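Per my numbering, the very first residue in the sequence shown carries number 26; after that it's consecutive.
Take the hints with a grain of salt, since some may be wrong.
[As the list claims (entries may be wrong)] The list that follows gives simulated cross-link-like pairs (lysine-lysine, DSSO-like), each with its CA atoms no further than 30 Å apart:
(1) K218 to K198
(2) K218 to K167
(3) K43 to K104
(4) K140 to K155
(5) K140 to K167
(6) K104 to K140
(7) K198 to K155
(8) K198 to K140
(9) K155 to K218
(10) K140 to K43
(11) K155 to K167
(12) K198 to K167
(13) K155 to K104
[As the list claims (entries may be wrong)] Using C-beta positions, here's what the derived DEER-type ranges look like:
(14) E35 to H197: 39 to 47 Å
(15) S152 to Q200: 17 to 25 Å
(16) Y56 to S153: 15 to 23 Å
(17) R168 to D133: 17 to 25 Å
(18) T192 to P91: 30 to 38 Å
(19) T49 to H197: 38 to 46 Å
Hints were generated in silico from the structure; no laboratory data involved. Small disclaimer: the values here were computed from a predicted structure and weren't measured. For glycine and all other residues, C-beta sits at the position ideal for the given N, C-alpha and C.
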Amino acid sequence: MVFFQDNTYENTVFEEIKLTETETVTGVEFYNCTFTNSSFQSCRFVECSFDNCEFIRCNLSLIEIPSTSFLGVRFMDCKMLGVNWSGTGGFLSASYDGCLMDNSLFADMNLTRFKFSNCSLVEASFSSVKMRYSVFDDCDLKRCQFHQADLSFADFTTAYNYYMNSTTNTLHKTQYSLPEAVSLLANLGIVLK
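Please construct the entire structure, taking both the sequences and the accompanying hints into account.
Encoded structure:
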């Protein structure tokens, strides 16, 4: 199936779609659509909107999403390596379950109440983001960077391999569990024996 410019799709199921890195989808609106077992690796979605859509077992690695919005979108068991989510211009409301999101970038965004479940966010970057009440449930945050992030009331109790600088991030009533929480002392020059 070919996506035509300026088309609208509603309540449509897309299965096993494969777009190549040379393809650009521009100005297309998707409402209540489901994408299953599809590959959009390295594609460009320009000024598109995805409202209340689901992506299941899709490859969205290295997609470019300038001025594209995701509202009420669910990503399940997707591969999304190296995605710069900042390109959405702040129009992002999504949940992620079982996704591989290594090397992703979230910058200058409001991610309040976002939920990441069973995700790998290795070497991902969260910079100047508002993540109040967000949840990282059973997520691998190895070498993940948090810089100038408001993590107030966020829940990291089942996340692991994280490190965050308590002097450059807001950690008001942020929830952690031991032994992982010991990593919060690393930037304070404290020696634990």
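Checked hints:
Annotation: proposed proximity of K218 to K198 holds, straight-line Cα distance about 26 Å (limit 30 Å). At most 30 Å may separate the alpha-carbon atoms for a hinted pair to count; K218 and K167 meet this at roughly 23 Å. At most 30 Å may separate the alpha-carbon atoms for a hinted pair to count; K43 and K104 meet this at roughly 14 Å. Between K140 and K155 the alpha-carbon distance is near 13 Å, which keeps this suggested pair within the 30 Å criterion.
Between K140 and K167 the CA atoms are separated by roughly 18 Å; this keeps the pair inside 30 Å, and the hint holds. With a C-alpha separation of about 17 Å, the suggested pairing of K104 with K140 holds against the 30 Å cut-off. For the hint pairing K198 with K155, the CA-to-CA distance comes to about 14 Å; that is within 30 Å, so the pair holds. Restraint check for K198 and K140: satisfied, since their Cα atoms lie roughly 17 Å apart, inside the 30 Å limit.
Annotation: proposed proximity of K155 to K218 is violated, straight-line Cα distance about 35 Å (limit 30 Å). Of the pairs offered as hints, the one joining K140 and K43 holds, with about 28 Å between alpha carbons and a cut-off of 30 Å not exceeded. Distance restraint check for K155 and K167: the Cα-Cα separation of roughly 20 Å lies within the 30 Å cut-off, and the hinted pair is therefore satisfied. Taking the CA atoms of K198 and K167, the gap is near 22 Å; set against the 30 Å cutoff, the hint holds.
Between the alpha carbons of K155 and K104 the distance comes to roughly 24 Å, so the proposed pair stays at or under 30 Å and holds. Taken as a hint, the range 39 to 47 Å holds for the pair E35 and H197, whose Cβ atoms sit roughly 42 Å apart. Look at S152 against Q200: about 22 Å separates their beta carbons, and that is inside 17 to 25 Å. Hint check: Y56 to S153, Cβ distance near 31 Å, so the stated range 15 to 23 Å is violated.
Checking the proposed 17 to 25 Å range against R168 and D133 shows it holds: the Cβ atoms sit about 21 Å from each other. Checked against the hint of 30 to 38 Å, the pair T192 and P91 passes, with Cβ atoms roughly 34 Å apart. Between T49 and H197 the CB atoms are about 42 Å apart, so this pair conforms to the stated range of 38 to 46 Å.
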